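K.L.:
If you want the building blocks of each chain, they are given just below.
Number of protein chains: 2
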Amino acid sequence: MEDFSLSCPIPIQEYPNVLLAHGGGGKLMHHLIEKMFLPAFGSSNSIPHDSTVLNIHPGKIAFTTDSYVINPLFFPGGDIGSLAIHGTVNDLAMSGARPLYLSVGFILEEGLPMETLWRVVRSMQQAASEAKVKIVTGDTKVVDRGKGDGIFINTAGVGIVEHDRAIAPGSVKPGDIILLNGDLGRHGIAIMALREGLEFETTIESDSAPLASLVLELIEAGIEIHCLRDLTRGGLASALNEIASSAGVRVEIDENKIPVREDVRGACEILGFDPLYVANEGRLVAFVRENAAQKALEIMRSRDRFACQIGSVTEVSSNNIGLVTMQSTIGASRIVDLLSGEQLPRIC
Amino acid sequence: MEDFSLSCPIPIQEYPNVLLAHGGGGKLMHHLIEKMFLPAFGSSNSIPHDSTVLNIHPGKIAFTTDSYVINPLFFPGGDIGSLAIHGTVNDLAMSGARPLYLSVGFILEEGLPMETLWRVVRSMQQAASEAKVKIVTGDTKVVDRGKGDGIFINTAGVGIVEHDRAIAPGSVKPGDIILLNGDLGRHGIAIMALREGLEFETTIESDSAPLASLVLELIEAGIEIHCLRDLTRGGLASALNEIASSAGVRVEIDENKIPVREDVRGACEILGFDPLYVANEGRLVAFVRENAAQKALEIMRSRDRFACQIGSVTEVSSNNIGLVTMQSTIGASRIVDLLSGEQLPRIC
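Chains as they are written, first to last, in the numbering used here: chain A, 377 to 724; chain B, 377 to 724.
Please note: incorrect hints may appear among the correct ones.
Note: identical chains are not told apart, hence a pair may lie in one copy or across any two.
Mimicking DSS-like on lysine-lysine, the simulated pairs with C-alpha atoms at most 27 Å apart in a straight line are [to be verified]:
#, residue 1, residue 2
1, K508, K436
2, K403, K549
3, K671, K508
4, K436, K510
5, K510, K411
Quick caveat, the hints were computed from the structure, so don't treat them as lab data.
Here the structure is a predicted model, which means the values were calculated and not measured.
The shape of chain A in the complex, shown without the other chains (with noise of 0.2 Å):
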C-alpha cells in the first residue's frame, strides 16, 4: 500500500495536521491549493479564479449537489473521496446526463491529519479520472477541533443532456419492467461491520462505483428508459416508493428475485436491518419499456452478473396510487414502505 506521507505534497514534518489557518484565506491556504488540490485535480496549469468559465454545447444541463459525512473515512471499497466522486457523477447519470465537471467543498476539522486529506484527496483524483470528470473549482474551510468530524465533502455536478427523453419519475407507465444493476447492500454492511466489529469469513466491500457509462450504454443502445434512481439512502424500499408516490402508478417486486449476498443477508440478521433499506453506491434501479427490458438486462448482466429483473409497475386503482408491494419467498404479498426513522446515519 502506498505510504501516503511519503508521497504527501505538503511537508508533514512540518505540517502534519490541518491549522484553521489552511482555510484562512492566506499563504498556508494558497500553499494547500497549489501543492495539493491543483495539482492532483489536474488544474495545474489554470489560474484559481472565484469561478470557472465552461463551454457547454447548446442544450440541456444537469446539476445536482450532495454532501458526504461518512463515517469512518475508509472503508472496504472505498472512502469518502471516492464515494464523493461516485456519488455525484451518479446523480448526474439518473437524470441520464453525461457527467462532465465538479465542484468540490472540504470543510476540514482542525487537526485533521494532512496525510490522510492528501490520501483523502488522491482517491477522487483517481475516480474522477475513472469516471471521466474533471474537478473544476473549489472551497476549502477549515472548522475548530470538535466542530467538525475529520473531513465533510461537498461536491456539486454539472452534465450535459445529449437526448430528448426525460428520464424521471413522471414518465414511468403501467407495464414497465423494473431492472437491477447487481446484489443489494453491500455498501451499508461494509460501513456497519467496521463500525460494529463484526469479521466475517471474507472482508465485505462496498459497492460504491460510477454508473454514468452504464447509464450511456443503455441509452446509446436505444432502450426505452422511463426512470433511473441510485438507491442510497433509504435503499431500494425507499427509491421505488418516492418514484411510485411521484409517478401515480403502483410498483409491485418479488422478494425471490432481488439478489443479495448470503453474507450480506448474514450481517443484515445480525444487525437487525432490512437489505431492502440499506444504502447502495453503485446500485440504480432503471424503469425500462417492457419490449425493451430484455436488451437493457444483457447490457447490465454484461457489466454484473446479478443484474435481474426484480419487478414491474401495475395499473393504479384509486386506494393504491404510489403503493409498493412486494411477493415474498413464502409467496404471500407485503407493503414495502419508508422507513420512518434513521436506519444507518452517516452511510455517505
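Here the structure of chain A is known, so what remains is to put chain B in place on it, guided by the hints.
P.N.:
Below, chain B without anything else, positioned relative to chain A:
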C-alpha cells in the same frame, strides 16, 4: 420581528430539534424536504429527483462552489443563509456571469432547533429572490451531536456568460485602474465584535450583499473590465496579491483613498486587525481600462457613495512581479503581502 416558531412549516411541538433521521432518507427527511425546502425555494410543483435538468442557451457557463461555516449563524446585517446565497452569486458575478441556478447542501448537527433551520431557510429564500437566482437542487445530511456546529451550508452556482470578454487575472494590463465599490471591513468586524462582546455607539452591520447586478450594469454599459474579485477571506490585501501574482503585474494602491468607517477603524485597533485583511461580503475590486474608469466609477457611486479609485497597475521589472505596494497616509511606501496565519477564523 417575525416569530419563526409560529411560521415554521414543521410542527415545532412535535419536532423541536433536528434528528439524525431528518438526514436518513426515510419519512422524516421527505417530510422536511416537502414541507420546508421545496415550498421555500419555490419548487413546490417540481418532483424531487437526483439531479435537475436545466435549459441553457448555447455558449459559456460559469460554475462555482463555496461552503459556509460562519460562527455565529446570525449577525448584524445577515446570517449564514443570506451569506451562502450572496457569496456564491458573487463568485459567479466575478467571472462576469449572470447567476441563474444554485444548489444547496445542508450539513446539520443533530439537535439543531428546527426554528433556527427555518429562519435560515427563509433568509436564503429572500436572498435568492433578491439576487434573482433559483435554488434548483439540494441535499441534507445530519451529523451526530458534537460532530458539527449547528448548520454548515454549501452552495454551488451556475451562471451564463453573455459576453466575449475574458474577465480574469490574465487580462489585467499595466495602466489598468483599480476601483473599489464601497467601504472596507464591516463584515469581519461585525462578526468579531459579536464574538468578543464588543459594543459600539452604532451597531456595525455586515456589508453582505449580492454584486451581480452591479457587474451586469458595468458590462452592459460597455466598460472594458479586465478582472473582478470579491474581497472575502483575506480581504483586499489577499485579493490584490492573488491577482498581481496570477497576472504577473505590479499593483500600487493609496491608503488615503481606501474608505474605512471610523467605527470599523476603531474596532480594528481594539482587536488588532488591519482593515486591508478583514473579510467583506459585498465588496469587489474591478480592474478596468484607464479610459473606462470614470464611467465605471459613476456607476459604482450611484449604488454606494464610498466607491472610489484606490490604485492602478504598473509596469513590472524582474524584481517586482506580483508585488502589491501601498502609499501610506504619511507618504511612505510599503509592501502589502499575503497574510501568513489566520486572522479571522470562520468568518464565512
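K.L.:
Are the hints correct? Go through all of them and say.
P.N.:
Going through the hints against the structure:
1. Taking identical chains as interchangeable, the C-alpha atoms of K508 and K436 lie at most 27 Å apart whether they share a chain (19 Å) or sit on different chains (20 Å).
2. In this homomeric assembly, K403 and K549 come within 27 Å of each other (Cα to Cα) only across copies, at 25 Å, whereas the closest approach inside a single copy is 57 Å.
3. Within a single copy, K671 and K508 get their C-alpha atoms as close as 25 Å, which meets the 27 Å cut-off; across copies the closest is 45 Å, which misses it.
4. In the homo-oligomer, the alpha carbons of K436 and K510 lie at most 27 Å apart both inside one protomer (19 Å) and across protomers (16 Å), since each shortest distance falls under that limit.
5. In this homomeric assembly, K510 and K411 come within 27 Å of each other (Cα to Cα) only inside a single copy, at 18 Å, whereas the closest approach across copies is 35 Å.
When held up to the earlier numbered hints, the structure conflicts with none and fits them all.
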